[in-house]
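Could you build the full structure based on these sequences and the hints that come with them?
Residue numbers (the working numbering), protein chains in the order written: chain A, 1 to 304; chain B, 1 to 294; chain C, 1 to 310.
The hints are simulated quantities; they were obtained by calculation from the structure and are not laboratory data.
Ideal Cβ positions, reconstructed from N, Cα and C, are used throughout, including at glycine.
You may find that some hints are simply not true.
[Said to hold, decoys possible] One side of the interface only, derived from the structure: several residues of chain A facing chain B at Cβ under 10 Å:
no., residue
1, P71
2, S73
3, Q74
4, N127
5, R184
6, L244
7, T245
8, R268
9, D271
10, V275
[To be verified] Each computed DSS-like pair below joins lysine-lysine, with the alpha-carbon atoms no more than 30 Å apart:
no., chain 1, residue 1, chain 2, residue 2
11, B, K95, B, K189
12, B, K250, B, K95
13, C, K30, A, K20
14, B, K282, B, K189
15, B, K282, B, K59
16, C, K124, C, K204
17, B, K282, B, K250
18, A, K201, C, K30
19, C, K204, A, K20
[To be verified] Some chain A residues flagged as far from chain C (calculated, every beta-carbon gap over 10 Å):
no., residue
20, D30
21, A40
22, A60
23, L63
24, F76
25, R122
26, A185
27, N188
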Amino acid sequence: MAQTTKVREEGAGQQRPEFKTATGTRYALDRLFTIVVTIATLAGVAVLAILLIDVFRDGAPRLSWEFITNPPSQIFPETAGIIRPLVGSLWLLGLTALISVPLGIGAATYLEEYAEDTLFNRITEINISNLAGVPSVIYGLLGLGIFVNLLGGLTGGQSAVTGALTLSLLILPVIIVATREALRAVPNAVREGGYALGATKWEIIRSHLLPMALPGALTGTILALSRAIGEAAPLLVVGASLYLTYNTTNPFDRYMALPIQIYDWISRPQDEFRVLAAASIIVIMVVLLLANSVAIVLRNRFQK
Amino acid sequence: MQPITQAAAELFSEQNPDARISVGGAGTSDGFEAFCQGDTQISDASRPIDVAEEVPVCKENGVEYIEIPVAYDGISVVVNSQNDFATDITSEELKAIWEPAAEDQVTQWSQVRSNWPDEEMSLYGPGTESGTYEFFNEAIVGNEEEVSRQSDVEMSEDDNVLVQGVAGDQNALGYFGYSYYENNRDSLKALEVDGVAPTEETIRSGDYLLSRPLFIYVSTQAMEENPAVQQFVDFYVSEENLNRLVEAAKYVTLPDSLSQESRAQYEDRTTGTVFTEEGEPKGGDLETALKQSQ
Amino acid sequence: MALESGQTRSAPEDWRRNSRGRELRERIVKVVLTACAYLSILTTFGIVFVLLFETIGFFRQVSIFEFLTSTEWAPPSGDFGILPLVYGTLMATMIAVIVALPLGLLSAIYLSEYASRGLRRYLKPALEILAGVPTVVYGYFALTFITPFLGNNVIPGIESFNALSAGLIMGVMIIPTVASVSEDAIFAVPRSLREGAYALGATKRETATKIVVPAALSGIVAAVILGVSRAIGETMIVTIAMGAQANWGGSPTESMQAMTAYIVQVVGGETPRGSVTYQSIFAVGSALFVMTLILNLVSYWFVRRFREIY
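Listed below in structure tokens is the structure:
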């Protein structure tokens, strides 16, 4: 007892070298680090905010009803508008959704509910996750080689169908992954209950699994489609038009697209075209913001 | 050249919403290649069709054409607007810069003119398929192989890219059509060539060395097969429209006498080119050549 | 087995009546769904076929040796050395990683270790928005804001097309990629490791930097590799803001051309099909495909490693 007291008396008031805690420095570094990570997280968001403000400042004055409904121009910036790229993008959106959503949900259903754990199926899974990482311009080259050249007779060459097919292949992996996760989240009890009642696999899927997985799948699908709307690179490669004198009226027509128009106007050095590009960016960002908000609301509701 | 036809297409389609026109942007040479294969109906050209190489191909494929001069262009030699030492240049100096032997050799301004600074020179120019490239090459470098300096020149078929390049680079020297200079006067400065600055007057009169006519070539077969083609060309070269279009595209309008001859050429449907193998108009000047061909 | 005869009279008859129809339907459905899934294999075959076909045609006219080793890229003159394009791509990518690695990793640490649940709910989607911005918008921003900003305030001699602006904004674009995969990795580190550290008197920072991050290292490496792969494949930012002239060995303040930008340049110029220039875009595409494929597979391997450890 006496010894311990002695040690405590010795140690009180001064730190023994082995037990240097340096708490002062460490806590100071901690505070610094907290600031650093907070700033780092906000930095990306801050850049985004600056970008949006800059675009808004450049482009907002140019926004008007005429801007939405006038045809674009490469010579007369004063009267130019975005109706033809808008129509083109809508066509692309519709056709791409029509093609990619059934294919994606179908593929996900197969992989989640039907596929056995064979080597072939495992390779399919790896292949899909790899396709998700292939650069979009390579999908454009695929589209150029197959849909424009090889199957040009069927697709109409540089047509809206070609663009939609290319975009569909691009976003298919995303839809598949999202739908698979949504299906995985459905409790197995549902499946087992269905089998117990004598239902077949497809009946269970159609009547219970897909409807229950729909909100989650829909979220991923909406995000995938909004990514497709914003793509320019693959469309440039498969021949989206930089200028058309007419609105796209059927899937085999040539087409313009909003991101392509933005790209064209950015490439022109005159200030008036820069302003047009900025205004178009505002339009596309608003559309994307709406789409993403819908997706997020859906996801939140689904997660409850 | 493309801006003029683009303006025509845009205005024409306003009045004729059913017309479907697509304007492609390749160089003059690529354009003729497609035209003489029968793939396009109208070909824009910033130089006359090549008698030795392109006319035979058209003939082989049975493509007959009407050659219609529509405007003048003055290839402008430009520097960055903040360049304070260069205001003029001679054609010999231009040759010294752009001939193939100058590759990697002539890299500083002071090598061209001794009282220019020792700064690095960055060169910008159109691609080899461009009519502008070929004209400049012939007028300035004038060598057998018909190539000029390439590997250390920033080349692009898209003149907008060249404009942005020169506008953003203080050491830049480039050349392209007058329209692209006119549209960007605040960021570019045009040099006088052999003492003459490029203006509408000097380009039209020919006083400016690098002045040249621009053409559209229209396939007669296309006009017969597709009445819209004829309507479009009618619109394009008509008296009310042609000068308006040229001015909107910021090129230089033809003098009235020449544009009348040009219009007559079209209305009479006179086919063939009025240029010789050397690229000169038969009879010395364009107006005479057109008159003689009718 | 409480099957009262009254209750089940209709059911067995329905079953017996439709069983063959149902079986057929089941089989048809299975075939259709299988086809949907195997479409993905067809896609990969399509990509490989298209790329190979034109690339082989290309290599009939250009030697592979020149393609892979020459530093001259000037298609009009017949020079097809891909190194300058790879240089441009890698320069922009390197700058992007310098931005995205610290910001992405630190964001991941913040979101998983520091942020309250409420903050997390808003900040995570905010970061994800960065990934949803169309790349043409980023290109616009790089060209019209970042380059003039740098030119007026930091680097007076910067060219109007340059690798630095493109790389910086590309870095911002891939922050979400790096952050989200890193965050998954950090999240997978068991609580026990953290609590052990705290028990030993470590501060939050020390735990995060000396315990958690090293434990999540393979996942973080995967995140960075994935970000690199995305940057290499990015097209519009480098096309709009970086330049159209191949430039071997240039500085980041100069203009240079990336592999993806070259492909866009050629397709915009209406090059005739079958010409060597047309084929060259597929050759460049093949190189691009191989590069991103290897990176994605390596990253996938790293992800599996960190998932297995825990």
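A quick look at each hint next to the structure:
{"no.": "1", "hint": "P71", "in the structure": "holds (8 Å)"}
{"no.": "2", "hint": "S73", "in the structure": "holds (5 Å)"}
{"no.": "3", "hint": "Q74", "in the structure": "holds (5 Å)"}
{"no.": "4", "hint": "N127", "in the structure": "violated (38 Å)"}
{"no.": "5", "hint": "R184", "in the structure": "violated (48 Å)"}
{"no.": "6", "hint": "L244", "in the structure": "holds (7 Å)"}
{"no.": "7", "hint": "T245", "in the structure": "holds (4 Å)"}
{"no.": "8", "hint": "R268", "in the structure": "holds (5 Å)"}
{"no.": "9", "hint": "D271", "in the structure": "holds (9 Å)"}
{"no.": "10", "hint": "V275", "in the structure": "violated (15 Å)"}
{"no.": "11", "hint": "B/K95 x B/K189", "in the structure": "holds (20 Å)"}
{"no.": "12", "hint": "B/K250 x B/K95", "in the structure": "holds (27 Å)"}
{"no.": "13", "hint": "C/K30 x A/K20", "in the structure": "violated (69 Å)"}
{"no.": "14", "hint": "B/K282 x B/K189", "in the structure": "violated (35 Å)"}
{"no.": "15", "hint": "B/K282 x B/K59", "in the structure": "holds (20 Å)"}
{"no.": "16", "hint": "C/K124 x C/K204", "in the structure": "holds (21 Å)"}
{"no.": "17", "hint": "B/K282 x B/K250", "in the structure": "holds (28 Å)"}
{"no.": "18", "hint": "A/K201 x C/K30", "in the structure": "holds (10 Å)"}
{"no.": "19", "hint": "C/K204 x A/K20", "in the structure": "holds (19 Å)"}
{"no.": "20", "hint": "D30", "in the structure": "violated (4 Å)"}
{"no.": "21", "hint": "A40", "in the structure": "violated (3 Å)"}
{"no.": "22", "hint": "A60", "in the structure": "holds (15 Å)"}
{"no.": "23", "hint": "L63", "in the structure": "holds (16 Å)"}
{"no.": "24", "hint": "F76", "in the structure": "holds (21 Å)"}
{"no.": "25", "hint": "R122", "in the structure": "holds (12 Å)"}
{"no.": "26", "hint": "A185", "in the structure": "holds (17 Å)"}
{"no.": "27", "hint": "N188", "in the structure": "holds (19 Å)"}
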